[in-house]
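**Q** Count the sequence shown with the working numbering and you get residues 167 to 471, in order.
Some hints could be false.
[Stated by the list, open to error] Here are the simulated DSS-like pairs of lysine-lysine, each with C-alpha atoms no more than 27 Å apart in a straight line: (1) 272 to 195; (2) 227 to 195; (3) 271 to 250; (4) 219 to 195; (5) 446 to 459; (6) 255 to 173; (7) 168 to 275; (8) 459 to 447; (9) 168 to 227; (10) 195 to 239; (11) 219 to 168; (12) 255 to 269; (13) 227 to 275; (14) 219 to 239; (15) 271 to 173; (16) 272 to 168; (17) 173 to 227; (18) 250 to 227; (19) 239 to 227; (20) 219 to 271; (21) 219 to 255; (22) 255 to 239; (23) 239 to 250; (24) 173 to 258; (25) 227 to 255; (26) 219 to 275; (27) 271 to 255; (28) 258 to 271; (29) 454 to 439.
[What the hints assert, rightly or not] Label-pair distances were calculated between CB atoms; the ranges are: (30) 274 to 323: 17 to 27 Å; (31) 170 to 196: 30 to 40 Å; (32) 170 to 207: 33 to 43 Å; (33) 244 to 306: 12 to 22 Å.
Hint data in this document are derived by calculation from the structure and do not stem from the laboratory. Here the structure is a predicted model, which is why all the values come from computation and not from measurement. Ideal Cβ placement from N, Cα and C applies to all residues, glycine included.
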Amino acid sequence: VKSEDLKFLLIPFYMGDLLTFCRDLGIRKSRIEQACRALRRFISVAATLEIPKDSLLEACKRVSEATEASAPKPLNPNDARNEKIARHKRGKEIRERLELLEKRKKLSKDGEPEEDNEAEEREREAYLLLIEQSLIQALNDLPLHSQELEMLAMREQLGDKPLPRDAQGRVGPALAAQGRREGGIQTMHIPKGAGPLGPQPQMGRGRVPVKGHAMQKREALQANVFRDANPYTMTVQEWGEIEAQRAEEDAAEQARRGAEKQAEEDAMDADEKEERDRLKKSGFDDWKDEHPKGSGNKGDHYFNR
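Go ahead and model the full structure; you've got the sequences and the hints to work with.
**A** Pasting the structure below:
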């Protein structure tokens, strides 16, 4: 493929990307289906020309071999994880290389001479990198579009019929009651701690148990997400009373120690007080002799300079 024609390979990708911007739910499903066909066509052409390399080429071939009715052959979790990691790393390398080519292009425009062959090679490399970057985005978007098509199909099955609600306006309990009436949901009561796994662990403070119908589970999960992660254990008034009692106890302890010290001071005569002061001063002099000024500083401190 000529360098000037490589950019036309991107037309299906941009068409598919543009179709996904449709926000009209009445026609969005058809637009997403058209976008998936355009992206598959883009991936198939790139795989036929073998533009990508290594694991990216293998992924493109799997998508091109699959039909619209059948999804690509799934990989085992370990291989799928390694493929996603390699795809992410390759995308980062492509972005860095495109930035470098753009800088070289600006330098050539600012006056640095560049030969025709170098300019053509730089342009061809930029188009190939752009195609490979678009392939990575297309491979990442296709599974998301497939999931959206499934949700849109479920929406069409439900139609405009509103969901039932109970007296409190909740959807989950009303759906569960409707399912029991229609015979589609069977309930069974298991006493606490009588399950096959023995007693169940206690729920965290303020946490709602996740069980029951799907809508009930959804409401329970929402309640757990927006619950207070650090619920209060006492009121402000209780905390103030505890702090006041603690302050009173500290003041009483300080008064007791002060009284004991004063009593000990009153029991000593003048000679005992003088001997106490002399021993205190002598002990401090001995300590200064054993620890000369600057002895505790590091070797590069100014005391040793």
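**Q** Each hint needs a verdict: does it hold in this structure or not?
**A** Against the structure, the hints:
| no. | hint | verdict |
| --- | --- | --- |
| 1 | 272 to 195 | violated (43 Å) |
| 2 | 227 to 195 | holds (26 Å) |
| 3 | 271 to 250 | violated (31 Å) |
| 4 | 219 to 195 | violated (33 Å) |
| 5 | 446 to 459 | holds (20 Å) |
| 6 | 255 to 173 | holds (24 Å) |
| 7 | 168 to 275 | holds (24 Å) |
| 8 | 459 to 447 | holds (18 Å) |
| 9 | 168 to 227 | holds (23 Å) |
| 10 | 195 to 239 | holds (24 Å) |
| 11 | 219 to 168 | holds (19 Å) |
| 12 | 255 to 269 | holds (22 Å) |
| 13 | 227 to 275 | violated (39 Å) |
| 14 | 219 to 239 | holds (19 Å) |
| 15 | 271 to 173 | holds (18 Å) |
| 16 | 272 to 168 | holds (23 Å) |
| 17 | 173 to 227 | holds (21 Å) |
| 18 | 250 to 227 | holds (16 Å) |
| 19 | 239 to 227 | holds (11 Å) |
| 20 | 219 to 271 | holds (26 Å) |
| 21 | 219 to 255 | holds (13 Å) |
| 22 | 255 to 239 | holds (23 Å) |
| 23 | 239 to 250 | holds (16 Å) |
| 24 | 173 to 258 | holds (21 Å) |
| 25 | 227 to 255 | holds (20 Å) |
| 26 | 219 to 275 | violated (32 Å) |
| 27 | 271 to 255 | holds (25 Å) |
| 28 | 258 to 271 | holds (20 Å) |
| 29 | 454 to 439 | holds (23 Å) |
| 30 | 274 to 323: 17 to 27 Å | violated (58 Å) |
| 31 | 170 to 196: 30 to 40 Å | holds (34 Å) |
| 32 | 170 to 207: 33 to 43 Å | violated (21 Å) |
| 33 | 244 to 306: 12 to 22 Å | holds (19 Å) |
Hint compliance for this structure: hints 1, 3, 4, 13, 26, 30, 32 are not met, and every other hint is.
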